[in-house]
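Q: Protein chains in written order, with the working numbering: chain G, 42 to 178; chain Z, 9 to 651; chain P, 7 to 185.
Simulated from the structure, these hints should not be mistaken for lab results. For clarity, every value in this text was computed on a predicted model and none was experimentally measured. The beta carbon of each residue, even a glycine, is placed where N, CA and C say it ideally should be. Heads up, some of the hints might be wrong.
Here are the simulated lysine-lysine pairs, BS3-like style, with alpha carbons at most 30 angstroms apart [to be verified]:
(1) G:Lys80 / Z:Lys515
(2) G:Lys80 / Z:Lys524
(3) G:Lys118 / Z:Lys524
(4) Z:Lys515 / Z:Lys556
Derived, one-sided and incomplete: chain Z residues facing chain P with beta-carbon distance under 8 angstroms [unchecked claim]:
(5) Met285
(6) Ser303
(7) Gly319
(8) Met385
Here's a subset of chain P near chain G, in silico, CB distances under 7 angstroms, partners left out [as the list claims (entries may be wrong)]:
(9) Arg43
(10) Arg100
(11) Ser136
These are the residues of each chain, in order.
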Amino acid sequence: MRRFLPLALLLAGPAFAQTALPPAPYADRQLEDPALEAKAAALMHTIRCLTCQSQSIADSNASMASDMRSEIRERIKKGEDPEHIRAWLIERYGDWISYQPTAEPILWPLWAAPLLLLGAGGALAFGRIRRRRSARP
Amino acid sequence: MIAEAGLAALWLAALLAGAQLLFAWAAVARGNEDARRLIRPIAVAQGVLTGLAMALLITLFLRSDMSVYLVAANSHSMKPFIYKFAGAWGNHEGSMLLWVAVMSVAGAAVALFERGLDQRTHFATLGAQAAISLGFYAFLLFASNPFARLNPPVPDGQGLNPLLQDPGLAFHPPTLYLGYVGLSVAFSFAVGALLTRQVNARFARAVRPWVLAAWILLTFGITAGSYWAYYELGWGGWWFWDPVENASLMPWLAATALLHSASVLAARDALRAWTVMLSVVAFAMSMIGTFLVRSGILTSVHAFAVDPTRGSFILILLGLYIGGALALFALRAHTVNEGARFDPVSREAMLVVNNLLLCVILGLVLIGTLYPLLTEMMGVRVSVGPPYFNTIIGPITLALMMVLVVGPMLRWRRDDPKALLRHVTPSAVLAVLAPSAVLILSSRAVGWLPALGLAAAAAVAVASFAPLWKRNLLRTPLFTYGMVIAHFGCAVSLAGMASESAFSSEKLAAARPGDKYEIAGMTVTLDDVLPYAGPNWTAMQATMTVRKDGRVLAVAHPQARFFSDPPTPTTESVQVTRWNGQLYLVLGDALEDGRWQLRIWWKPFVTFIWLGGGLIGLGGALALVGRVLRERRTRLSRRAVPA
Amino acid sequence: MKLRLLLLWVPLIGYLVFLFVASIGLIREQQTVVQSRMIGKPMPAIDLPAASSTKPALSTRQMADGKPRLLNIFASWCVPCAAEAPQLTQLAQRGVRIDAVAIRDAQGDVDAFLARHGDPFQRIGLDARSTLQFYLGSSGVPETFVVDGKGIIRYQHIGYIGPQDIETILEKLREAERS
């Protein structure tokens with residue numbers, strides 16, 4: 042079974058070979074309206090590429106990433122709200138696909154972290170500075 | 009033969025490290041005379057031997073000796089010379105050997121050149137350094153042998169990753185390693201000083217040059233790495249908060265805080281416990297970074313070939329050394345008394361706030377990097393990336409900049425709040441005027457964070473020169489100039505970041521030869537796309553002409569390259585650099601009907617990011633030279649005065 | 007003073023927590039695949055053109071016909087898809103109904119693939135732009151979904167179906183039938 046493992050792993054994972062078909066229409070074409078394109082670009086930079094190591098779909102050459110870019114641009118062109126698209130993707134792939142942390146409870150510590158650290162550190166620093174003053178000569 | 013010699017040198021060095029540790033204990037705890045005499049030569053011998061081992065590994069790569077497993081797996085006889093040379097550390101085992109070599113050479117340097125410490129602390133430091141080295145020797149010899157043989161040897165190697173075949177490879181890792189491992193010296197100093205209970209101003213003055221040296225190298229290494237990723241990966245991004253990038257940033261943040269804390273301790277004999285703690289944290293971050301990158305527990309574009317067993321080894325070392333140091337700190341630090349007093353409005357207080365903010369940023373980067381791991385333990389997969397980090401860390405960095413504006417202008421121990429206002433006014437005025445002018449003249453909507461970034465950059469740019477105000481410039485010490493330039497570099501870098509974030513524009517195009525595109529007042533024409541061959545690759549090369557007002561500014565040749573060994577496609581982007589920014593040109597895939605995908609960016613003042621980084625490093629170098637010269641002068645003058 | 011003494015231990019304790027988290031991270035296997043979140047949700051209603059010249063086009067509404075079936079996501083350019091063809095043929099022979107979607111493919115290539123590796127499918131849809139994949143929460147090829155008689159997605163098998171996976175899939179199909 043152990044010897045099987047490397048081969049099995051190779052076959053078990055989804056294939057990342059590239060297709061021969063041309064890219065989708067809006068994969069690498071910007072929307073005509075610059076404001077809409079800006080919205081789309083902002084969204085694309087925060088959606089994670091499914092088949093890459095750790096990149097946004099805006100930064101990736103993979104065919105799934107470029108299909109997703111086209112899908113997003115077309116939806117924004119039709120007037121869909123970026124956050125609605127993000128929610129749609131999260132509904133299908135989970136929080137993993139969005140680099141932008143959502144308001145999910147599991148992510149609250151991430152948002153609490155700066156406040157906690159600043160508070161704790163501030164208390165330490167404040168105590169240090171104040172102690173200097175009240176210490177006897 | 010060479011491989012065996014290298015391995016033998018490593019074993020010998022490991023034995024010497026063990027001896028060094030024993031002698032250090034004998035010298036410090038027992039006052040043994042022989043130990044005291046021998047410990048320094050042993051440290052030097054250890055450094056020489058590991059340096060030799062590294063040199064031998066490089067020799068094996070240069071000769072393309074395919075009977076050595078590492079060379080066969082990572083090199084190729086057709087590789088250009090410099091990439092064979094740099095390929096020696098472009099893999100896990102070779103880079104671990106580099107780590108160990110730098111650590112023992114640094115230890116040898118401490119043995120040879122450190123004059124500022126009292127003897128017992130010096131020996132304790134060498135002992136601590138030996139103790140850390142032992143763990144890494146064990147890791148290298150038992151789990152990552154770089155000199156393992158391949159029997160039978162293969163005719164030729166599997167080649168180096170084409171993405172790493174770049175001048176950046178020659179420069180970026182060794183610089184970073186010198187930085188990471190240089191921090192081990194500060195760690196050893198701290199452990200030594202805790203053991204001999206000598207945490208004081210003298211300790212701070214002794215450790216400061218070592219911290220500076222490591223910090224300068226880290227600064228250059230990170231700056232170079234960021235620029236390398238920018239032009240090599242072809243996406244125009246310069247920082248992605250990738251775990252490996254964070255692994256290099258965290259030691260740098262800790263080292264910056266340590267540097268400032270050591271300065272306070274040296275000048276005013278305050279912040280003793282903080283300085284020792286930061287010394288431990290800085291090296292801990294180096295080790296944690298190494299662990300994250302090599303263990304495979306986090307996904308990253310940059311990751312080395314990963315192996316959980318190696319990760320476990322490093323984790324054990326981490327537990328031993330950092331856990332040990334933190335336990336020592338908890339036990340001994342209460343005997344370290346507080347040091348001199350200072351007021352809330354004083355330079356010391358500002359430096360405390362400065363260190364606090366740096367440590368908060370450090371903590372946030374650490375938490376953000378590890379968070380996906382935590383949630384996965386609970387069965388949920390999340391991604392933490394630039395949207396989180398930029399949003400959280402941006403404002404704190406702005407607060408840090410405000411401290412930078414105010415801090416250097418305050419006096420030690422106590423200053424007058426009203427005088428402070430007077431000092432700060434010029435910077436504040438510029439901070440409001442300059443960005444407002446820029447924003448009014450610009451035609452786009454700018455986010456609040458980049459706008460504040462520009463304001464902060466303007467303020468810091470002015471405030472960084474304040475220490476030179478009303479001073480005899482010829483009699484100002486070199487290290488003050490260093491500080492000024494380093495702080496000014498922060499402003500330059502921040503201005504570049506804010507400008508790129510706010511004012512970049514991008515054009516995607518499906519172009520035929522002859523098509524023109526307008527961007528930022530320039531015209532970019534695709535002239536043609538033709539095949540082109542290089543030493544170990546073939547490519548489709550585009551010729552693009554950049555014109556402004558009819559004049560030709562540049563002719564660029566971005567390529568879509570294909571390497572054969574191992575088969576890998578890469579993009580070679582081209583940057584056309586002007587005084588006010590860069591044009592970033594990328595040739596993409598061929599489309600049907602003879603058209604080519606093009607990406608064109610205009611990034612205003614993006615070069616300031618790395619220019620600023622370079623200035624920060626340069627300022628540090630000036631400060632280092634200034635301090636070393638000052639220490640030497642002080643020591644010589646003390647000797648000249650009759651006792 | 008007491009507080010300060012206690013505070014000195016905080017770094018060590020925090021560090022031990024980090025070591026604990028890191029150890030767990032090492033012990034657990036790295037999850038490299040992205041699971042679909044559509045398990046338990048209805049199949050999206052999508053119509054795809056025919057991918058092959060021999061089989062009808064796929065309209066996902068047709069999948070809710072009372073009996074569970076498999077939906078196989080494949081492509082002619084995908085190597086593991088070719089490797090799992092024997093297993094799919096075996097499943098078809100045991101009475102499992104299989105529909106398929108060809109991702110980013112062309113009719114000629116699909117026909118050639120089916121001719122070489124066998125054709126256990128009832129209907130094959132052509133998804134030229136990965137659209138159905140996005141709707142399903144699928145992240146690559148090959149993947150196979152178990153869909154019950156009411157059109158609800160019940161199970162996702164990511165990657166190649168090996169001989170050892172056949173029983174699991176049959177079991178999931180039986181579960182889908184029971185509900």
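Q: All hints, please: hold or fail.
A: We went through each hint and held it up to the structure:
no.: 1; hint: G:Lys80 / Z:Lys515; result: holds, 15 angstroms
no.: 2; hint: G:Lys80 / Z:Lys524; result: holds, 26 angstroms
no.: 3; hint: G:Lys118 / Z:Lys524; result: holds, 25 angstroms
no.: 4; hint: Z:Lys515 / Z:Lys556; result: holds, 17 angstroms
no.: 5; hint: Met285; result: holds, 7 angstroms
no.: 6; hint: Ser303; result: holds, 6 angstroms
no.: 7; hint: Gly319; result: holds, 5 angstroms
no.: 8; hint: Met385; result: holds, 6 angstroms
no.: 9; hint: Arg43; result: holds, 5 angstroms
no.: 10; hint: Arg100; result: violated, 22 angstroms
no.: 11; hint: Ser136; result: holds, 4 angstroms
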